[in-house]
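If you're matching them up, the sequences are chains Z and G in order.
At position 83 of the first sequence the residue is numbered 83 (the numbering used here), and the sequence of numbers has no breaks.
Counting from 1 along the second sequence, just add 1000 to a position and that's the residue number in the numbering used here.
Please keep in mind that the hints were generated in silico from the structure rather than gathered at the bench.
We treat Cβ as the ideally placed atom computed from N, Cα and C, and that holds for glycine.
Hints should not be assumed to be uniformly reliable.
Pair ranges (Cβ atoms, derived) [said to hold, decoys possible]:
hint, chain 1, residue 1, chain 2, residue 2, range
1, Z, I41, G, N1265, 22 to 32 Å
2, G, K1030, Z, I29, 13 to 23 Å
3, Z, L145, G, K1330, 50 to 60 Å
4, G, K1250, Z, D147, 29 to 39 Å
5, Z, L39, G, N1265, 52 to 62 Å
6, Z, V276, G, A1291, 55 to 65 Å
7, G, T1038, Z, L145, 57 to 67 Å
8, G, P1282, Z, K60, 48 to 58 Å
9, Z, I108, G, L1201, 25 to 35 Å
10, G, K1202, Z, V106, 39 to 49 Å
Using 25 Å as the maximum straight-line C-alpha spacing, the simulated DSS-like pairs for lysine-lysine come out as follows [stated by the list, open to error]:
hint, chain 1, residue 1, chain 2, residue 2
11, Z, K60, G, K1156
12, G, K1314, G, K1329
13, G, K1196, G, K1347
14, G, K1330, G, K1196
15, G, K1202, G, K1143
16, G, K1287, G, K1250
17, Z, K69, G, K1202
18, Z, K69, G, K1330
19, G, K1301, G, K1196
20, Z, K69, G, K1252
21, G, K1156, G, K1202
22, G, K1160, G, K1303
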Amino acid sequence: MAATPTTQNLPTVTAYELKLAWPLGAFFIVFFLAPLVLLFIVSLYTDTTMTHFGLTQYAKFLLDPFSLKVLGATLWLGVEVTALCLLLGFPLAYVYLRVPGWAQSVLILIVLLPLLTSVVVRTFAWIVILGRQGIINTALLELGLIDSPLRLLYTEGGVIVALAQVQMPLMVLPLITALTRIDPNLADASAALGAGAWRTFWKVTLPLTLPGVIAGCLLTYAAALSAFITQTLVGGGQMLFMPMYLYQQASTLNNWPFAAAISFIFLVAVFAVITVFNMLGKISQGYANA
Amino acid sequence: MNLTRRSLMTSALTLGAMQLFPGMSEAQAKRIVFATFTGSWEEAHRDVLVPAYRKATNGAEIVLDPMLSVDQIAKVTAARSNPPIDVMLHDPGPALVAIANDLTEPYPVDKSAYYKDLIAEAQEPNGPAGFFQVVGLTYNPDKIKTPPSSWQDLWKPEYKGKVGITNLNSTLGTGFLVEIARMNGGSEANIEPGFKALESLKPSLSAVAANPGQLATLFQQGQIDISPGNFNAIQIMKARGVAVEFVAPKEKAIAFKTTFHIVKNTQAKDLAFALIEAAISPEVQGKLMEAPYLVVPTNTKVKISGEVAKTLAKDHADMKNKFVFQDWKKINEQRSAWIERFNREIKV
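Here chain G stands alone, though its shape is the one from the complex:
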């Protein structure tokens, strides 16, 4: 019994030590962990970004660990002094939380070769935007013959019982609420018209999805025929044969900056910097813009072409006319109150 207990303690201590001093096992190979997003983002980054990074660093090791923004924040917060992630990827809302909680390192702008070429909206000193996610209207072209052109079309009587939205847990749902508020005279600071508009949309709603991913299923099942949706998510569905199309509304499509951040206290700051440099370089962004990835580039040296040019914006100057960038600082301040209100009021 004593012997068992002793050997148990020994192995427990060893395991604990490995947790406390991961350097013991990892010192030999310096590598970085990049927390990308799940699904198609991981695929795009593995296929294009990682090879470019390897080339730039003479084959340095990198691990892709796809997870949601909130999980990245949770993991880094839990181990601030020795973070398990070296580069974070964030939507605008979580990015501000990460910066406010002092989890990020400022980007060494002076050392960067590409930072100055980024479109002004992507130049974030706490972590530059590597791409934009664009939200517009998605619809089923088999059921809706005339493509919608405005957010206002969601309220059309012929779509009654066929409209889908998501709740405010997602960046998409929150961004959509702000835009319909703006359409009705409100703004990030005045959300009231947005909630009023949602209230009047209720009879049309067929579904309030718990997350944007669920919208795909709903289109596939014919449960909804029209909804706000993410440009890149739609491309994946289209590629899988689901009858769905994306259109940018005339009020401007919503563009979310997706930013890359060097994590504070990372053991490999240089490598983290190298990865982000690769991510904002015109070579990587140009390749990511092509099919099947269709990622919207932020570097103005990339000549916009293909599906992105056709559906979204023909060049970076055009982006300023076609995209609206929301004030997520204002949004974050009130988001918890909005979610609470949505919980209470939006019952279908």
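Chain Z extracted, bound-state conformation:
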């Protein structure tokens, strides 16, 4: 801010960019960074009445196998959801580029449609689909494939599928953007040089879409981990993931210091996973460019 342009120096373009970032930066400092600092301070209290400082809350979490298991299960849930989104989303994005214009509009509408309804509504739809008298069970029963309804709701599988659907746009949109940017001539060139469809895909298309894949995976992963509503409604009260654990400590037990410590540990753990993922992405990108 102090470095305002003098008469000798013409203003550089980058100086403007920094200034323009100020409103958002200030907004983040006041409404994100400051509360985060407060949260961290709360996590340093040893008792629920918040009178003594200490690291007991962190010790309590990190030395407790059960808490660590909840953390692990949550991080793993994110991986499963992200993998499923990628598996289902990539072909969709791939098809999108190969259909005529009108079909593209229809596809993009279908992809965006979930974003236009609330997460609660989308999740309730899954309760209707997965329930004992839901669409899947009724269909299977009528076809005579099963004798009694399967347990689909309140299972980890149910949570993964529901989360994957709810977060799908976050995966598909970056993928479509990345795929659109690839020069179609590259695939033709690869074919002209004798590569088959699979080889072209693995050697040309996939490496070039890696930035989109990474962006999509990061968005989906973060969203799946923190999806309190979907996790709770489809997973039920006995499946414990970090958001629910946090809620329980903060709301039911009024144990704010422990809840704050849980949030911080969760935050750091997610950061670690994302960093590892980013590094993997960079390494594979290097490989693709080589």
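Following the hints, put chain G in place on chain Z, whose structure we already have.
Same frame as chain Z, now just chain G:
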């Protein structure tokens, strides 16, 4: 740039001042904020309690701000000296937390016209109970032809895979655990038999709902056919056409006192008192007992009739035979350990 920053600061300061001194904007109209519960409770209080309060105070202003007990405690704790709420409404567990944290004002019992008429269990000097919430068994009458009569019926083999419960985050879930402990020789102080019973209920469980509200959805979807449930929540579901019935188990239904508290440091103690007086008056309670509210009255001057008399208790003396009031002081002491244990052990 300087000008922008200055004007920004000015508006920020103004906004901040309005937050710090809300009296500036609110001094003209003295009003109270009543934190009721969400859903049907808000509706009942808006329709019956608020008009009665207005009448008693010559039209004083009141704002209903429905929220969970825990949120009430959080908000008042965050601004003790100038609380954003004047009257709190609590389930027994949170009520004790609020009292222990010194968030409530003792109720001016001597000044009260109705306090002495309340059933003994509702006479709480830190905030009288305005109504009872009653928990019993709920079932789907289309699927279960013979109505259940005991908590024990949840373990019946024919309901295998059709039983729903909630976890201990709710008053309902915690109260249920205590009752099944009592049924098996335990108590608030000895919960072990309750956890043993839950363990043996596992094969029957179709769902462990994250909150009592979720049970309604589960009945509607046919995911469960029987569960512990709240009398008033069931009435709402019935009114919406869901096939569900309530029955009080022979071991006694669980009654939770729902208490009204004057918040410490409120700017309008008199008005807060007036609201609670209205809430425990026989006129308001009598009206709230009628359909569609069906709120269980605590004032013995109210003659119990209708659905409440039919399903729960025919008069206040009968309540003592039909209801069990749990010792939430004991429960609160151990609740965090119970929740932890439930987290670890109850995986379906």
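These are the hints, each one checked on the structure:
| no. | hint | result |
| --- | --- | --- |
| 1 | Z/I41 / G/N1265: 22 to 32 Å | holds (25 Å) |
| 2 | G/K1030 / Z/I29: 13 to 23 Å | violated (38 Å) |
| 3 | Z/L145 / G/K1330: 50 to 60 Å | holds (51 Å) |
| 4 | G/K1250 / Z/D147: 29 to 39 Å | holds (35 Å) |
| 5 | Z/L39 / G/N1265: 52 to 62 Å | violated (26 Å) |
| 6 | Z/V276 / G/A1291: 55 to 65 Å | holds (60 Å) |
| 7 | G/T1038 / Z/L145: 57 to 67 Å | violated (42 Å) |
| 8 | G/P1282 / Z/K60: 48 to 58 Å | holds (50 Å) |
| 9 | Z/I108 / G/L1201: 25 to 35 Å | violated (49 Å) |
| 10 | G/K1202 / Z/V106: 39 to 49 Å | holds (47 Å) |
| 11 | Z/K60 / G/K1156 | violated (40 Å) |
| 12 | G/K1314 / G/K1329 | violated (29 Å) |
| 13 | G/K1196 / G/K1347 | holds (14 Å) |
| 14 | G/K1330 / G/K1196 | holds (20 Å) |
| 15 | G/K1202 / G/K1143 | holds (21 Å) |
| 16 | G/K1287 / G/K1250 | violated (28 Å) |
| 17 | Z/K69 / G/K1202 | holds (21 Å) |
| 18 | Z/K69 / G/K1330 | violated (30 Å) |
| 19 | G/K1301 / G/K1196 | violated (42 Å) |
| 20 | Z/K69 / G/K1252 | violated (39 Å) |
| 21 | G/K1156 / G/K1202 | holds (12 Å) |
| 22 | G/K1160 / G/K1303 | violated (41 Å) |
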